[in-house]
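Participant: Take a look at the letters that make up each chain.
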Amino acid sequence: MDLLNILIVDDEYGMRRGAERALRKMHLHLHDINGDVSFNIRTAADGREFDERMAEEQPDIVILDYKLPDTTGLDILDRLMKQPLDLLVIMITAYASLDTAVTATRRGAYDFLAKPFTPEELRGAVRKAARHLILQRQARRLAEEKRQVRFQFVSVLAHEMKAPISAIEGYLQMMRERAVGETLADYDHIVDRCLVRIEGMRKLISDLLDMTSIESGQRQRVIATVDLGEIARQAVENVKAEAARRGITIDLDLPEGAGIEADRAEIEMIFNNLVSNAVKYNRDGGRVGVRVQEVEDEIRLDVEDSGIGMTPEECQRLFRDFSRIKNDKTRHISGSGLGLSTLKKIVTLYDGDISVESRPDVGSTFSVVLRPGSANASR
Amino acid sequence: MAHILLVDDDQDIIEMNRTVLAQRGHRVTVSFSAAEARRAVAAEVPDLAVLDVMMEDKTAGFELARELHASYPKMPLVMLTGISKEMDLQFGFTPDETWLPVSTFLNKPVNPRILADEVDRLLKEVQ
Numbered sequence: 001m002d003l004l005n006i007l008i009v010d011d012e013y014g015m016r017r018g019a020e021r022a023l024r025k026m027h028l029h030l031h032d033i034n035g036d037v038s039f040n041i042r043t044a045a046d047g048r049e050f051d052e053r054m055a056e057e058q059p060d061i062v063i064l065d066y067k068l069p070d071t072t073g074l075d076i077l078d079r080l081m082k083q084p085l086d087l088l089v090i091m092i093t094a095y096a097s098l099d100t101a102v103t104a105t106r107r108g109a110y111d112f113l114a115k116p117f118t119p120e121e122l123r124g125a126v127r128k129a130a131r132h133l134i135l136q137r138q139a140r141r142l143a144e145e146k147r148q149v150r151f152q153f154v155s156v157l158a159h160e161m162k163a164p165i166s167a168i169e170g171y172l173q174m175m176r177e178r179a180v181g182e183t184l185a186d187y188d189h190i191v192d193r194c195l196v197r198i199e200g201m202r203k204l205i206s207d208l209l210d211m212t213s214i215e216s217g218q219r220q221r222v223i224a225t226v227d228l229g230e231i232a233r234q235a236v237e238n239v240k241a242e243a244a245r246r247g248i249t250i251d252l253d254l255p256e257g258a259g260i261e262a263d264r265a266e267i268e269m270i271f272n273n274l275v276s277n278a279v280k281y282n283r284d285g286g287r288v289g290v291r292v293q294e295v296e297d298e299i300r301l302d303v304e305d306s307g308i309g310m311t312p313e314e315c316q317r318l319f320r321d322f323s324r325i326k327n328d329k330t331r332h333i334s335g336s337g338l339g340l341s342t343l344k345k346i347v348t349l350y351d352g353d354i355s356v357e358s359r360p361d362v363g364s365t366f367s368v369v370l371r372p373g374s375a376n377a378s379r
Numbered sequence: 380m381a382h383i384l385l386v387d388d389d390q391d392i393i394e395m396n397r398t399v400l401a402q403r404g405h406r407v408t409v410s411f412s413a414a415e416a417r418r419a420v421a422a423e424v425p426d427l428a429v430l431d432v433m434m435e436d437k438t439a440g441f442e443l444a445r446e447l448h449a450s451y452p453k454m455p456l457v458m459l460t461g462i463s464k465e466m467d468l469q470f471g472f473t474p475d476e477t478w479l480p481v482s483t484f485l486n487k488p489v490n491p492r493i494l495a496d497e498v499d500r501l502l503k504e505v506q
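Top to bottom, those sequences are chains A and B.
In terms of my numbering, the first sequence opens at residue 1 and continues consecutively.
In terms of my numbering, the second sequence opens at residue 380 and continues consecutively.
Read the hints as simulated data drawn from the structure, not as lab findings.
A few of these clues could be false.
[Unchecked claim] Estimated spans, in silico, between C-beta atoms of each pair: (1) 144(A) to 406(B): 49 to 59 Å; (2) 293(A) to 406(B): 51 to 61 Å; (3) 34(A) to 424(B): 57 to 67 Å; (4) 156(A) to 404(B): 33 to 43 Å; (5) 56(A) to 480(B): 40 to 50 Å; (6) 504(B) to 175(A): 49 to 59 Å; (7) 186(A) to 406(B): 16 to 26 Å; (8) 424(B) to 162(A): 26 to 36 Å; (9) 404(B) to 357(A): 29 to 39 Å; (10) 81(A) to 451(B): 57 to 67 Å; (11) 311(A) to 453(B): 30 to 40 Å; (12) 311(A) to 424(B): 44 to 54 Å.
Glycine included, every Cβ here is placed at the ideal spot set by N, Cα and C.
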């Protein structure tokens with residue numbers, strides 16, 4: 001519920017009382033933001049009282065008579081417009097004096113009312129101004145939030161990009177100063193670490209590009225029948241070497257001929273990401289289960305691992321940008337922290353969901369539900 | 380020889396600094412988070428601590444520095460950070476020794492040798 005302060009400035013007592021009566025019990029419901037507005041009314045009879053009311057509390061809407069005993073409405077308007085005040089002025093003008101109305105509007109008044117006006121006309125003008133003011137404030141608030149989110153994102157991104165550079169630079173300094181020996185072989189480990197950090201940075205950049213392309217909506221999506229079996233097998237193939245090296249077995253459970261109307265690249269991202277995570281965050285000798293089910297119009301994908309698992313608190317943070325679970329068990333695993341947040345953005349394109357169930361040291365199951373028949377999917 | 384606590388969430392930064400400090404004959408304890416560092420200090424108080432600013436969150440290193448200074452006012456603290464630009468952006472100002480009780484700020488990326496030189500200099504000062 002928003003409460004807007006209205007200040008009525010008019011030298012005629014009857015006008016002030018009448019206007020106050022017309023507005024006092026007024027309530028407004030704004031459908032587009034589903035918000036209610038009520039009004040608090042104050043009055044002033046001249047310029048001096050106007051100043052007093054302004055000093056007490058700043059109004060949101062000023063209903064301002066053109067003619068006042070000690071000043072003019074236009075002078076007050078000019079004073080108000082010179083300051084960065086978040087308020088609207090409705091100018092009351094004498095009958096048929098269009099010139100004044102035009103001047104007032106040009107000098108910053110939001111609207112004008114020509115005397116004499118009915119209570120309903122007054123309420124209409126206030127309704128219009130209130131609506132404008134509230135929508136404008138809301139738009140401003142959203143823009144500010146957006147700037148904040150962007151600032152947060154960029155500062156975390158900067159930190160994530162500087163970390164590998166700092167590590168590599170430190171190692172190079174050690175090499176230049178022959179810190180651990182005279183032969184190249186003494187630096188094998190350092191060179192390996194530098195390569196790992198460069199690979200991590202490359203992955204961060206590619207994940208960032210994937211995420212941006214999904215978010216921007218600029219990417220040309222091609223909706224066609226996608227063979228889920230083929231995509232699942234390819235996702236497994238991509239991690240086969242790593243899984244074999246660590247003795248991790250991967251089971252695939254696919255219905256015959258499972259398919260979906262979707263953008264192939266997006267579906268590949270979902271499968272590749274979840275299957276590769278299931279291997280990455282597994283224990284040596286563990287197992288991964290990949291299961292696809294078609295239930296009526298939905299496609300359900302479950303990827304289960306016997307890995308390090310997560311606490312409920314960790315699960316909650318998991319799908320945010322740059323959210324990586326940092327602990328002893330994940331320290332040696334590299335990742336950009338953007339993979340799952342990108343998947344979350346993809347599944348919304350299919351009116352779907354992504355969720356996780358997990359137990360520390362037991363394993364995690366990531367479940368994706370896609371509803372390809374939905375309106376968004378073919379957008 | 381002294382006992383040094385290294386606190387950083389980046390395993391490579393830990394590794395390079397540990398290597399060089401160990402070469403100078405120091406005994407090094409490492410912690411990957413402020414929470415871990417608190418446990419390490421509770422188990423054994425180091426002679427000097429080297430802290431990164433951002434760990435669990437943006438200011439975990441600051442809080443740790445203040446705590447350590449309150450409990451062990453004589454323990455030299457070295458803070459590793461990209462102070463200038465990063466701090467200006469995030470906090471609207473550049474923290475200095477009067478704001479944060481650390482002996483030295485070193486800007487990342489830090490050459491491990493320069494860190495080790497600074498550690499040795501600070502240890503000599505408190506001796």
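Participant: Next step is simple, just say for each hint if it's right about the structure.
Facilitator: Verification of the hints:
1. 144(A) to 406(B): 49 to 59 Å: 51 Å, holds
2. 293(A) to 406(B): 51 to 61 Å: Cβ of residue 293(A) to Cβ of residue 406(B): about 56 Å, so the range 51 to 61 Å holds.
3. 34(A) to 424(B): 57 to 67 Å: At 58 Å between Cβs, range holds.
4. 156(A) to 404(B): 33 to 43 Å: 38 Å, holds
5. 56(A) to 480(B): 40 to 50 Å: 46 Å, holds
6. 504(B) to 175(A): 49 to 59 Å: Taking Cβ atoms as reference, residue 504(B) and residue 175(A) lie about 30 Å apart, which means the hint is violated.
7. 186(A) to 406(B): 16 to 26 Å: 23 Å, holds
8. 424(B) to 162(A): 26 to 36 Å: This hint holds: roughly 32 Å between Cβ atoms.
9. 404(B) to 357(A): 29 to 39 Å: Violated: the Cβ-Cβ distance is about 50 Å, outside 29 to 39 Å.
10. 81(A) to 451(B): 57 to 67 Å: 60 Å, holds
11. 311(A) to 453(B): 30 to 40 Å: 38 Å, holds
12. 311(A) to 424(B): 44 to 54 Å: 30 Å, violated
Hint check: violations occur at hints 6, 9 and 12; the rest are consistent with the structure.
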